[in-house]
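Residue-level listing of the chains:
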Amino acid sequence: MTVNRRNFIKGAAGGGAALATAAVVSAPSPAQARSNLEMPPNAVGLLFDSTLCVGCKACVAGCKEANDLPVDVNTADALWDTPLDIGPKTYNVIKLYADGTADHKDQEQNGFAFIKKSCMHCVDPSCVSVCPVSAMTKDKQTGIVAYDADICIGCRYCVASCPFGVPQSEFDTPTPKIKKCEMCRHRQAEGKIPACAEVCPTGATIFGPLTAINEEIARRRAMKPGEANVFERRTLGSGDTHERPAAQYVDHVYGETEVGGTQFRHMAGVPFEKLGYPDLRQKSFASESEGIQHTLYKGMIAPALALAGLLWAAKRASHIEDEHPEE
Amino acid sequence: MARFHNEHEPLGGSILSKTTIICAILAFIAAVLLAKRMVLGLGSVTNLNNGYPWGIWIVYDVVIGTAFACGGYAMAVLTYILNKGEYHPLVRPALLASCFGYTLGGISIVFDLGRWWNAWHILVPGYMQPNSVMFEVALCVMAYILVLWVEFAPAILTKFGLTHLKKKLDRVLFIFIALGVLLPSMHQSSLGTLLVVMGYQIHELWQTPILPLLFLMSAITMGFSIVVFEALLGSAGFKRSIKHEMPQLAKLAGIIRAMMIAYLVIRFGDLIVRGAFGAIFGSGIKSVMFLIEIALFATPVVLFSNKDKRNSKKALWIGACALLLAGALYRLDAFLVAYQTGPGWSYFPSVQELMVTIGIIAAEILLYIVFVRKFPVFYTHKLTPAELAAAHTK
Chain A
1 MTVNRRNFIK GAAGGGAALA TAAVVSAPSP AQARSNLEMP PNAVGLLFDS TLCVGCKACV
61 AGCKEANDLP VDVNTADALW DTPLDIGPKT YNVIKLYADG TADHKDQEQN GFAFIKKSCM
121 HCVDPSCVSV CPVSAMTKDK QTGIVAYDAD ICIGCRYCVA SCPFGVPQSE FDTPTPKIKK
181 CEMCRHRQAE GKIPACAEVC PTGATIFGPL TAINEEIARR RAMKPGEANV FERRTLGSGD
241 THERPAAQYV DHVYGETEVG GTQFRHMAGV PFEKLGYPDL RQKSFASESE GIQHTLYKGM
301 IAPALALAGL LWAAKRASHI EDEHPEE
Chain V
328 MARFHNEHEP LGGSILSKTT IICAILAFIA AVLLAKRMVL GLGSVTNLNN GYPWGIWIVY
388 DVVIGTAFAC GGYAMAVLTY ILNKGEYHPL VRPALLASCF GYTLGGISIV FDLGRWWNAW
448 HILVPGYMQP NSVMFEVALC VMAYILVLWV EFAPAILTKF GLTHLKKKLD RVLFIFIALG
508 VLLPSMHQSS LGTLLVVMGY QIHELWQTPI LPLLFLMSAI TMGFSIVVFE ALLGSAGFKR
568 SIKHEMPQLA KLAGIIRAMM IAYLVIRFGD LIVRGAFGAI FGSGIKSVMF LIEIALFATP
628 VVLFSNKDKR NSKKALWIGA CALLLAGALY RLDAFLVAYQ TGPGWSYFPS VQELMVTIGI
688 IAAEILLYIV FVRKFPVFYT HKLTPAELAA AHTK
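From first to last, the protein sequence lines are chains A and V. Per my numbering, the very first residue in the first sequence carries number 1; after that it's consecutive. Per my numbering, the very first residue in the second sequence carries number 328; after that it's consecutive.
Treat the hints as calculated values from the structure; they're not laboratory data. In this text, a Cβ means the ideal position worked out from N, Cα and C, and glycines have one as well. There may be inaccurate statements among the hints.
Unchecked claim - Output of the computed footprint for chain V on chain A, the stretches with three or more beta carbons under 8 Å from beta carbons of chain V: (1) 98 to 106; (2) 127 to 138; (3) 142 to 152; (4) 156 to 169; (5) 289 to 298.
To be verified - So these bits of chain A aren't anywhere near chain V, every CB distance computed over 10 Å: (6) 57; (7) 80; (8) 187; (9) 209; (10) 218; (11) 269.
One chain only, chain A, in its complex shape (with noise of 0.2 Å):
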C-alpha cells in the first residue's frame, strides 16, 4: 500500500512535469513576429473571369457531382438544387451582381456581373495557422488547403477564424465534418483537373501552375477591351480554345495581395467591392497572430524562466510553513 502511494504521488508529479514538458517540447521553434508565407514552389490555383462567365452554374453541379455532395434545397417545391452560397452541401456558387437595369455584361452602372465564390487556397491560410491538431494543412508543394476529418476534432476555429467564411460545419449529425473546397485533390491525384475547371464552358474557370495563370492574368490585362483573343478552355495549354472580345477588366486582380495572397485568382469587369468580396490588408492574420504567440513563446524561454521565479517564491513560502511541525 505504501509503494502503491509512493507512486501515486511520483505519477501524479510525473503527470503534471510530463504535460509541462511536451509544452515545452512542441513549442514554436524560433521565429520572432513573422511575415507572410511565401507562395509554395509548385503552386497550383485557379483563375475566374468573371467577364468570362456566362453564369451556367455547370461548374456548381461538377463540383457537387465529383465531391459527392447532396442537393442544397431552398425553395418551398424542393424540387431544386439551389445553394444560396457555399455551404457544407455547396463548395462553390455563381452569383449574379445586377444594378439598375441590368442591360450591359460587366458594367457597374446598369450592368450585371457574374461572381464565383469558393476556397481561395489562401498562401497564409487562417484555417492551417488556427487548427490546433493539423487537420487542415496546406501541402507545401502544390499549396492546396486539405482538411482530413480523421485528425479533426471539431473545434470549428477554421470556420470562426477564415477572412473569407469559407470552411463551414455540418450541425445537423452527430459525426459533422469540415466542409470546404480543396480544389478536387482527389481528381489531381489521378492526373485529372478540378471539376468546376473541367466542365466550363466559356474558360471563366480555369485550372493551371501558379507561373502560367500569372502570365495569362498579364497576357489579358494587356489586351485590348473590344479586340478579339483567344481564351483557353479547362487549363492552360489544354489547346481547347475559343475566340471572343477582351473584356474591360478593373485594375485589380483579387487575390494577388489580399492576405498575402490566395491561389485562386479572379479578374472582373466591375470594382470587387461591388460584387460582394471583402476588401483585406496584404497582411495576413495568421502571421499577426502567429507573430504574438512566437513573441511570448519564443523557444519557451520566457515561460521556462517565469516557471523558475515562481518554483523559487512557492517554495519561499512552502519553506517557512514547513517549520511548524505536522500535528
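Please build the complex by placing chain V on the supplied structure of chain A, with the hints as guidance.
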C-alpha cells in the same frame, strides 16, 4: 504547509436544502440535453451556425467560466508568490471553486467539439500544431485542471485520514503551486489571443494586438473579485461569520481598484493609439455594449476609492459583482457582439442551449456546497491574521 491546512474544518450540516435540490434538478436537465446533443448533433440543441460557430457553450462555459474560476490562481499569486500569508484563509475556498469551474469548463468543451472522439489528438505529437492558439489553450487548460486537483488534494487526503500521503504531497506541492500560477497566466491571456487571427471580423473597439494583456489583467481581477464574492455569499448562505476575513477582503478591494485603473488606462490608451477612439460613439449596439462594459469596469474604481466603502460588506458586494459582470461582458462582447461575420448570419442561444449552461453553473454550486460541508475547506480562524503573517515573514 501542515499547520495551516489543519486549521480548516468541514462546515458540516445537511447537504439537502432547497438550493441543492433545485441545483440538482437543473443539472439533470442539462445532462438530458447533452445526451440529446450526443445522439442528434449540435444543431438539435443549439442555435450554432456557420456564421457563429462558437456560441455560449464556448463563450460562457469556457471563456467566462474559467475567468470566474481564477480565484485559486489570483489567491495563489498573492499568498504563495507574493508571500502574503495573511490571505491564507481565503485560498482553499477559492481553490475549490476554481477546481469545479475549470473541470466543468473542460468537460463542456468536449460536448462542444463536433468530433469529440478525436479530442485525444491534441496530445499526439504528430498532430500537435503549436502555432495554433487553440492548441496552447487546450494543453494549458488540461494541465491546469490536473494541477488544481493536486493543489486541492490536501483537503481530500485529510478528510480520508491519509496523513502519510498528505505529508509527501506537501513536500512537492510548491511545484504545483508554481505551475498553478504559470498555466493560467498562459491560457487566460491566450483566450484573448484566440481572437487576433479573426482580424477585421472583430469590431475595432475590441480587436487589438494587446488582447492577451487585457484578457489576463481582467482575468486576475475577476479572480480577486470572485474571492470577495464567494466570501460574502458564503457568509450569508452558510451563516458563517467573516469578521476575521474582512480586513483581507478590504485589501483585495484595493488591489481590484488598482488593477482596474491600470486596465482602463491601457484599454483607452490602446483605442487612442489605434485611432479607434471615435468608434466608441456611433457604432450602434456595439457602442452601447462598450459603454456598459466600461461603466461596470469603472464601478470598483470609484466605489473602492473610499476606505469606509472598502470595509463595508454592501459596497464590497456591489463592487465585486460589478467587476465580475464587467469581465463577463467584456468576453461576451469580444467573442459574440463584436464578431461580424458577414451579412445574413445571426445568433442568439436557444432555450436548450441556455439550459445546458445554467445546468453547468448549477452543478458547480451543488458540488461546492457538498464539498464545503463534507471536506475541510473553510478556515477556522484559530490562528489570527497577525500570527499567519508572522509565520510567513519569519
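TODO: Against the earlier hints, flag every one the structure doesn't satisfy and list their numbers going up.
DONE: As far as the earlier hints go, only 1 is violated by this structure.
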